Structure formats: structure tokens, C-alpha cells
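Novice: Residue strings, one per chain:
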Amino acid sequence: MNYIFFVVKAAIEDFRRNKTQTFLTSLGILIGVFAVVMLTALGLGLKQYINDQFAALGKSTLFVAPGKILSGGSFNATSALTSIKFDNRDLLRLKKLKEIRNISPTFFKQTTAKSERKSEDSTIFFVSEVFFDINGFKIQKGRFFDKNDINKKAKVVVLGPKIAEKLFGTIEAAIDQKVTANSVNFTVIGITESKGGGGFGGPDYDSYMFSPYTTGFIFNPTKNYSRFAIKFDESYSVSQVKEAIKKELLKRYDEDSFSIIEPGDILSAVNSIFGVLNIVLVAIASISLLVGGIGIMNIMFVTVSDKTREIGVRRAIGARKKDILIQFIIESTILSVFGGFLGLFLAFIGTVIVQKFFPAYIDTSSVILALGVSSAIGIIFGVFPAKKAADLEPVEAIRYE
Amino acid sequence: MIKFRNVWKIYKLDGEIEYQALKGVNLEIKEGEFVSITGPSGSGKSTLMHLIGLLDKPTKGEIFINGKNVTYLTDDQLSTLRNEFVGFVFQQFNLIPKLTVLENILLPTIYARKKLKYDPKKKALDLIKKFGLGGKEHSYPNKISGGQQQRVAILRALIMEPKLILADEPTGNLDSKTGVEIMNLLKALNEKEGITIVLVTHEADIAAYGKRMIRIKDGKITKS
Chain A
128 MNYIFFVVKA AIEDFRRNKT QTFLTSLGIL IGVFAVVMLT ALGLGLKQYI NDQFAALGKS
188 TLFVAPGKIL SGGSFNATSA LTSIKFDNRD LLRLKKLKEI RNISPTFFKQ TTAKSERKSE
248 DSTIFFVSEV FFDINGFKIQ KGRFFDKNDI NKKAKVVVLG PKIAEKLFGT IEAAIDQKVT
308 ANSVNFTVIG ITESKGGGGF GGPDYDSYMF SPYTTGFIFN PTKNYSRFAI KFDESYSVSQ
368 VKEAIKKELL KRYDEDSFSI IEPGDILSAV NSIFGVLNIV LVAIASISLL VGGIGIMNIM
428 FVTVSDKTRE IGVRRAIGAR KKDILIQFII ESTILSVFGG FLGLFLAFIG TVIVQKFFPA
488 YIDTSSVILA LGVSSAIGII FGVFPAKKAA DLEPVEAIRY E
Chain E
239 MIKFRNVWKI YKLDGEIEYQ ALKGVNLEIK EGEFVSITGP SGSGKSTLMH LIGLLDKPTK
299 GEIFINGKNV TYLTDDQLST LRNEFVGFVF QQFNLIPKLT VLENILLPTI YARKKLKYDP
359 KKKALDLIKK FGLGGKEHSY PNKISGGQQQ RVAILRALIM EPKLILADEP TGNLDSKTGV
419 EIMNLLKALN EKEGITIVLV THEADIAAYG KRMIRIKDGK ITKS
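Those protein sequence lines, which keep their order, are chains A and E. With the numbering used here applied, the first sequence covers 128 to 528. With the numbering used here applied, the second sequence covers 239 to 462.
Mixed in with the good hints there might be a few duds.
[To be verified] Among chain E residues calculated to face chain A with C-beta under 10 Å, some are:
#, residue
1, I267
2, E269
3, Y310
4, L319
5, N321
6, N332
7, L344
8, A350
9, K374
10, A395
11, E399
12, S462
[As the list claims (entries may be wrong)] Within a straight-line C-alpha distance of at most 20 Å, the following computed EDC-like cross-link-like pairs (lysine to aspartate or glutamate) qualify:
#, chain 1, residue 1, chain 2, residue 2
13, E, K336, A, D214
14, E, K381, A, D141
15, E, K361, E, E322
16, A, K305, A, D273
17, A, K448, E, E269
18, E, K374, A, E140
19, E, K261, E, D294
20, E, K295, A, D518
21, A, K448, E, D313
22, E, K425, E, E269
23, E, K336, A, D450
24, A, K146, A, D433
25, A, K289, A, E299
26, A, K212, A, E375
27, A, K449, A, E528
28, E, K336, A, D392
29, A, K449, E, E269
30, A, K350, A, D214
31, A, K448, E, D357
32, E, K353, A, E382
33, E, K298, A, D141
Hints were generated in silico from the structure; no laboratory data involved. If you're wondering where the values come from, they're calculated on a predicted model, not measured in any experiment. For glycine and all other residues, C-beta sits at the position ideal for the given N, C-alpha and C.
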């Protein structure tokens, strides 16, 4: 039986006798640790989810868009509004580049899609037949449109599985049906496989509709393109391809009027946004840890005056100031770590529940952080009360009633 | 063993008014003695006891223990000396309520800085058996009688094998029959083990157990 055993045993026995007080005192730390771990879990889950989304976009893919949308890993929202518009001349010039294997012009229109039964808000992407290959789409039912459809300006549409189900009840029922968008009738020729996504910053491909870009000129009389989707030859590096595209476009446009974007660029920008958001949320949650620490300090001051006589007895039988100091710091640390463990436990349960609706996971570093922070709080906020206890004069303490 | 040379203890009340609790006390207690200190309340006997027990320091004068001047020792050095040299027995028993009988008895050993020549747990269990507390090792103090609690307190005082036991009104919270038992126990420790005992009391019949009486009044020793 050594010193630490005695101190820990005495502290735990105290807490066992004052269960309500112990629980209430730990509550602040409990809530703080719960909030921090939970928010970190949600942040991590979200990040993982978005990463998976972008990974689905496939390799050797690039986008060319007007405006300097991305600069230094962060979004620049305003520049896109005041910038150039691409047209068929750009498409033809880029098509000639040896580095580019496939290129699809892209523009889109927000619309209300109507079937005989229902109407749904959606977005039609007007693209070429290679768009599906560039972006790694797979067909689940029916077919994609082909070169022939492009040339004929066929009024055909490929639906994402979500919008297909919404409009027609089932995916099977959608084929060969009519979808009306802005008074134009389209025939459904295919349904894509689910790509997942939607929601948190990622594109919701399953709710989109795709139609030949030539057909889309009905809605786009100036024949401008808002984006090019590009699959490049893998024998070139990303930077070589970017350089070639840039060189070609600089013949017509300023350097700041267009962007060449890799999915990875968007990814790092999105990650940086969520990173900052997460730090802010965790910082807010940390305030409750601070409040919890103050609660512990308060109760420890009360404990010190409750135990004045005990302190006197311990000093009389040989405890040094140091021994009393350590005893009270250990007590406040146990109190705080107890709250930390409960908070962590609740966060585990919370994460398991939330996982049904939302990606979330707890990693080892947040466990270590939570327990490290709660023991640090116990020590830091225990020091002042413990110092007060240690500095009591033995004679005064022992006479205390 | 204990020697006071012209010891004064002066308290400052409200910063201005001085209160002289001890006024130049000279005193010597030899090893193996059983001394009773008596006096009315406010006479300075508590102050004297605290100084003997190394819980307090004199304002003026010097205190020697085994020939060594302890007046100017640091707080840590005094703590070590209290741990090894003195065993305290209080009127209120002053056991730690959340520790068992055995743990209370062992408490001084966890603060010991020297290596003990014996196994403290074994010694504690032997003492418990010897002093009629067998079976109570794992009881908490509130589950045993006052007399038993005071006995545990005496065992706590004995565990470090001290030279001196300082008993402050040890029977004050006990009925007279139990009080007699406790006094006989202290007497036996003095006679059989040779432990020096300093007893502080205001009760004449309790003080009579001592072989020498020190009377104190208004901060001065009147009979020694």
C-alpha cells in the first residue's frame, strides 16, 4: 500500500459518499468533452465523406471554368460573376490539343421537371456523349446518348436514379417516358447508377438530368459554355496538361479570366473550409470545458474548508505541505477525468446513433485529446485550492471546528 | 529529551493588541517520563502542547529535542520529526472517516521518509490483535465505538514507533469507564514500552495517572 493508493482510495471513497455532488461537479467537464469529441467526430466524418465523393470523380480529369474560382486553395466567389463565357471556338481549339483525350462542353439550367404524375425541381446538364466517361458515370438501365443524338439534337434525357424515382416511382418505369422541362418534351433513354452524394458541398449527381448540349441550345441561344470537362491522356502529367490548356486559352483571354481545376483543388478548398469551421466549433465547445474547470475549482475550495481538520491531522502525523498539495490535485484530477470519461462514453453512444444519418467517427487522437485536456483541467484548476490547503497552519487546522 | 529554554509565544490579535500565551517557559521532560500538564482554560496549556508536538514555533526562546535545537527547522524538517518522533492522541480521536481502521493506523507510514525496519501492514495487524480490535480491521470509524476509535488513534500514534506520545484530553469524549481503560493503556505503554507520555488535561483524576504534574497558569509554569 503506497502513497498514491491511499490518496486515490480516500478520494474515491469521498466521491462515493457524495455521489450527487460528484456527478454535478463533473457535469461541466462531461458536457465539454462530449461536445468537443462529438463535433470532432462529425467534422472527421464529413471530411471523409467529401473526400470519398471527389475520389468518385476519377483520375486524369480536369475542369476549365471562367473566372479565378480557386486561388491558393480557397474559393473566390465574386470573380466568377464578372468573367468571360466560353464558346464553340474554345471547344474546337482545346479539342485539337494532343494532351486532351476527351472534352465535353457543359452548361446547365435550373428547371422544374414534369412527368405525367409529378413535378420536381432539378438541374439539366447539357453535355456531350463523352461527359459520362470523363466523370465515371455508369448506366443502370437503358443507354447514354451518343454522337448520333448530339448531331440530331435529339430531345433525349438521361436521369439520375433519385430524380427518376421521384418522377416515375421506380427506375424501371422511367424508361421511354416523357419528361417536360420548360415546355420541351424529352424522352428518357437511360438511368445512371447511383453516385451517392448531395448535401454537404458535393454535387448531387443522382438528382441531375443530362441531355445533349446541342439540344440545350434551345435554352442557350448565345451558345456559350459555362465549363469544359476534360479527360486527359495519362502519359502527360497534370501540370503539363494544365500548361497546354493555359497556353491555348491565353491566346484569347487574360490569365485571371479562367481557371483550370483539378478535383483535388476543390477537395483541398472544401477541406480547408471545413477545417476552419471545425476549429471554430471546437473552440466554442471548449468554453464549456473552461466553465467545467471553474466548477471544479469552486467545489475544491469548499472541500478544502470541509477537510480543514483532516488536513491538520495529516500535518500532525507527518504530512508535508507538498503531500497535502498532491493529495488535493489528485482529487480534482480524478473528478475531472471522471467527467471526461463519462463525456467520452456519451460521445461514443452519440456517434453510434448519429452514424445512421450522418457520417461520423471518433479517432484515437480525439480520445487522447479529451482525456488529456480533462486531466490538465483537473490539475490546473486544482492547484489554487490545493495550495490553500497546503498553506494551512497545522495548529489552526487542527483546532478548526 | 525535551527542553524549553525561556520560551515565549505571543499572538497578535487584530495586528495591534498582543496576547502573551506563554511567558518565558523553562521546562524539561526526560525520556520515559509520564507527565501531566494541567491548568485552567486559557492558561496556555494548549499552546504549550502544540510547541511540544512541533506543530507551532515559539516567538522567542528555544526548544531542544534530544539535545538538538529544533527552533529554526524548516516546515519539511518539522513534518519529518513529527512523523518519526511524536505520536498524537486527540480528544476528538480525529480519525479519517473514509479510511478503514487498518488504513487509519497505516496513515503515518505513507508519509514516512525513512525506510521502515518492519512491514507496516503486518505490524498494524499485530497491534490491532494485541489491543483487542481484532475483526475491526476493515470497519470504518463511524461503525465502531468511541473507546475503540480512541484505541485506533493510539495505534496510529504507535505505528511509527515514536519516542513520545502526546495526548490532548484523550478521555474528554469518553464515558468514565472507557476513559479509565484508555488511561490504563497509556500507562502500560509508558511502563512496559518505555514510551514517554505527555498528557494534557484539566481533569484532576486523569492528571493523577502522570508521575509528574506540570501546572500552568497565565502562561507561566507554577508547579513542576
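Novice: Take the hints in turn and mark each one as holding or not.
Specialist: Hints, verified against the model:
1. I267: violated (19 Å)
2. E269: This hint is violated: E269/E lies away from chain A, its Cβ roughly 21 Å from the closest one there, beyond 10 Å.
3. Y310: violated (17 Å)
4. L319: L319/E check passes; min Cβ-Cβ to chain A is 8 Å, inside 10 Å.
5. N321: holds (2 Å)
6. N332: holds (5 Å)
7. L344: holds (6 Å)
8. A350: holds (7 Å)
9. K374: This hint is violated: K374/E lies away from chain A, its Cβ roughly 17 Å from the closest one there, beyond 10 Å.
10. A395: Cβ of A395/E sits 8 Å from chain A, so the hint holds.
11. E399: Given a least distance of 13 Å, the restraint on E399/E is violated.
12. S462: Given a least distance of 24 Å, the restraint on S462/E is violated.
13. K336/E with D214/A: Violated - the C-alpha atoms of D214/A and K336/E are around 85 Å apart, more than 20 Å.
14. K381/E with D141/A: Judged against 20 Å, a Cα distance of about 16 Å means the pair holds.
15. K361/E with E322/E: holds (16 Å)
16. K305/A with D273/A: The given pair, whose Cα atoms are some 19 Å apart, holds under the 20 Å limit.
17. K448/A with E269/E: violated (30 Å)
18. K374/E with E140/A: holds (18 Å)
19. K261/E with D294/E: Roughly 16 Å between the alpha carbons, so the hint for K261/E and D294/E holds.
20. K295/E with D518/A: holds (15 Å)
21. K448/A with D313/E: With Cα atoms ~8 Å apart, K448/A and D313/E stay inside 20 Å; holds.
22. K425/E with E269/E: Roughly 15 Å between the alpha carbons, so the hint for K425/E and E269/E holds.
23. K336/E with D450/A: Holds, at roughly 18 Å.
24. K146/A with D433/A: Since the Cα atoms of K146/A and D433/A sit roughly 16 Å apart, the hinted pair holds (cutoff 20 Å).
25. K289/A with E299/A: holds (13 Å)
26. K212/A with E375/A: Holds. K212/A to E375/A sits at ~15 Å (cutoff 20 Å).
27. K449/A with E528/A: Judged against 20 Å, a Cα distance of about 24 Å means the pair is violated.
28. K336/E with D392/A: Distance ~62 Å between K336/E and D392/A Cα, so the pair is violated.
29. K449/A with E269/E: violated (32 Å)
30. K350/A with D214/A: Status holds; Cα separation ~6 Å.
31. K448/A with D357/E: violated (26 Å)
32. K353/E with E382/A: violated (81 Å)
33. K298/E with D141/A: violated (41 Å)
Consistency note: the structure conflicts with the earlier hints numbered 1, 2, 3, 9, 11, 12, 13, 17, 27, 28, 29, 31, 32, 33.
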